[in-house]
Amino acid sequence: MLGYYLDLALRSLRRNKALTALMVVAIALGIGASMTTLTVFYVLSGDPVPGKSDRLFFVQMDPQDMNGYTPGVEPPEQVTRLDAETLLRDGRGVRQALMAGGSVAIEPDREDLRPFYLRARYTSKDLFEMFDVPLRYGSAWGDAEDGDRARVAVISAALNDRLFDGADSTGGSIRLNQTTFRIVGVLDEWRPAPRFYDLTGTQYGEVEEVFLPFSTSRELSMSFSGNMSCWERYQGDQTESGAPCTWMQYWVELASPADAADYRAYLVNYYEQQSAAGRFERPTNVRLRDLMTWLEFKQVVPSDVRLQTWLAFAFLLVCLINTVGLLLAKFLRRSGEIGVRRALGASRRDILVQFLVEATVVGLAGGVLGLGLAWLGLWAVRQQPASYADLASLDPVMLATTFGLALAAGVLAGLLPAWRACRITPAIQLKSQ
Amino acid sequence: MNVHPILATLRRHKTAAGLIALEIALSCAIVSNAVFLIGDRLDRIRQPSGLAEAELVHFQLVGITRVEDPEAQAAEDIAALRAVPGVRSVATVNQIPFGNSSWYSSLNLEPEQQNPTMQVTTYVGSEDLLETMGLSLVSGRDFVPEEYVEFQQAQSDPEVVIPAVIVSRAVADRLFPGENPLGRSVYVWGAAPQRIVGVVEHLAKPNDIGGPSSEHTSVLMPVSAPVQYGINYLVRVDAGRRDGVLEEGVAALEAVNPSRIVLEDRTRTFEAFRDDYFQDDRAMAWLLVGVCVALLVVTALGIVGLASFWVQQRTRQIGIRRALGATRGQIIGYFQTENFLIATIGIAAGMVLAYAINGALMGRYELPRLPWYYLPLGAVVLWTLGQLSVLGPALRAAAVPPAVATRSV
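First to last, the protein sequences are chains S and P. Our numbering applies: residue 71 is where the first sequence begins, and numbers increase by one. Our numbering applies: residue 324 is where the second sequence begins, and numbers increase by one.
Think of the hints as simulated: they come from the structure by calculation, not from any bench. Glycine is no exception: its CB is placed at the ideal position from the N, C-alpha and C atoms. Be a bit skeptical, because a hint or two may be false.
Stated by the list, open to error - Simulated coverage check for chain P against chain S, where a stretch passes if three residues somewhere in it have a Cβ under 8 Å from a Cβ of chain S:
(1) 429 to 442
(2) 598 to 606
Said to hold, decoys possible - Pair by pair, the computed Cβ-Cβ distance ranges are:
(3) P:Asn-438 to S:Ser-209: 46 to 56 Å
(4) S:Asp-124 to P:Ala-402: 51 to 61 Å
(5) P:Gly-533 to S:Gly-306: 19 to 29 Å
Please build the complete structure, drawing on both the sequences and the hints.
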């Protein structure tokens, strides 16, 4: 029977080509727009360390003096170097790392390349294992290198391509800030979205091109780049360990999410010790958020992207209402035909199914076209200069969602018109013929 | 035109008419908010910075080797840049509006104050900075050479006194409303106060940190820009010579010291910085325009589609009316009035919805309330859209010959 209804539906749709095209295009536009924005939203709100993010925690504590203090204030986003180094020495997590952004000058050992500037990340060795960073060649450095302030570096795949044409460069050397560093590891493609570990800079930008031991970077006074906040007048280098400035991020990996309470207690204890020693002035103020909670708190998904998603779904709604209206008018115009079919023995259910099939065909055609439009829309997003642009592409999950949305849109749009059609009283229709 | 028969007909097509009205309501609500958002973005994109934007280019360099006397090198750089044809003035600077870096500081009115009076952004640079930026002084004067302090000294020597500050009008109005700010003391940098020696009309903040850049909570201080690691030059040129100066300027700077890296993405015209800074707003404004157009087109096509159906459905009745003496104009008028009634219901609902959406957006985006004149404007747009959409089907209805009434019985 369904085959017959399908045939009827196609005949009916063919009879009114312009109208059918209008309905299909309207649904396609709505679905195309909503899938484009939904995909961008989905990509930007994803889990950057899947399978592990509930065990990764971001540490905050408030080391500022009482100036400008208000109760319940959020502690600074970053920690001081002294606190970061102390927590790292205590090593209470399974893994932990302190880190900060920087920039270094590189003098390539190649005739065709002039010196250029690199974005760098100064960190302790656990960053790589803790964040599941994929390495193409070599490995991260170890405790010894952190302790010895060794001249070692892990470089990005892009930098390895640029300097060594993608060959295994581990064991080789690069010259950074006029110092020779040994390359111990080369990253594979790693593009966490958002760039969660340091949200003070570009939130969806690419990761740094070179990773160096933090201890080494301080010994060589490599330049810091990022957000620094100081709260009292301080004479001297603001990146010194005792400086009243927050500029570093501190991440810790725990064995299980349940260990967070213990770790928080440790932080509170640390804070109270510092208070007792007179270093901290404020009432105990620490935060320990897991990765996804932290991203949510920071509202990393740009508000424009949220607005766009809302807009697209409102647009889809208008397109659907449009289609419902047109289908309704179309179905009711066939009241005579329905009356005849009912008089000849078709049940209300038969009529309902027949018209739902027609509506679903419209919805599916719109969905397929909409998928094409979404693909086009995402291509357009990728041409945008936004830092997240290159991340926007369809994946299997979103493909399935599109298909489901199209099907739902078609059935939903057909439900009311088909219901009205099957309620038609055959007697009146036959009389009025 | 008697509306009773129209209302009677509409009552028989409640659902279809209701759907069109709903579509019009949603379009009206979304389009009026979208147009409002577009206006908001355009205001943002067009905000004045206070600088002579069309005449400015910016250079940024970073060193590879450590320089013995960076201040001397900066002086040499400035001389080299001044020698480039078309250059009018040159200054070192720490930050520019819509640039990539920003300095913030708290401003106090008392020496030992618990809570800062306000947050300001601090512009510092070499002696010709005010002139180079092209800022317009509302009152007071530029800094005099004796007031300048070297950055390294200001940073490390607690005894050093920075004697003067120039504030934006926004800062002056906030600190001393209705009073003359000149000669008043503020504490921005160091233990000693700074006296306000000048007020500039506009000076945008570098970015939106701590409030929109259009707030202009900015001050200028007579401190040289840091030159230790990287160095920024702001150069005011004849507008037509910007690209030439950029090219020749890089060559001149490399001649001073070749072992430096010129950062290409920071060595550009001021307008390029502005374009980059507002690119997301521009993209969003265009996207909103696209949504508005798409919504109006879909709504118009929906009206055309439904009206066409009704015309087909009522062909016989139209024929009868024509046979009974109705003119073509009356038939057209019937459909136009019908559309007007549906549109009016939709628009009325749309206005309520528009305010509801605006209320939700106000909470999230710090937007002001939708100005009242958007409502009549939106109503006129949708009424016009409805009338134009229904015109085609109405004309087709008017073309129905009276003979149809007799033929089809």
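Run through the hints listed earlier and report the numbers of any the structure violates, in increasing order.
Nothing - there is no hint that the structure violates, so all of them hold.
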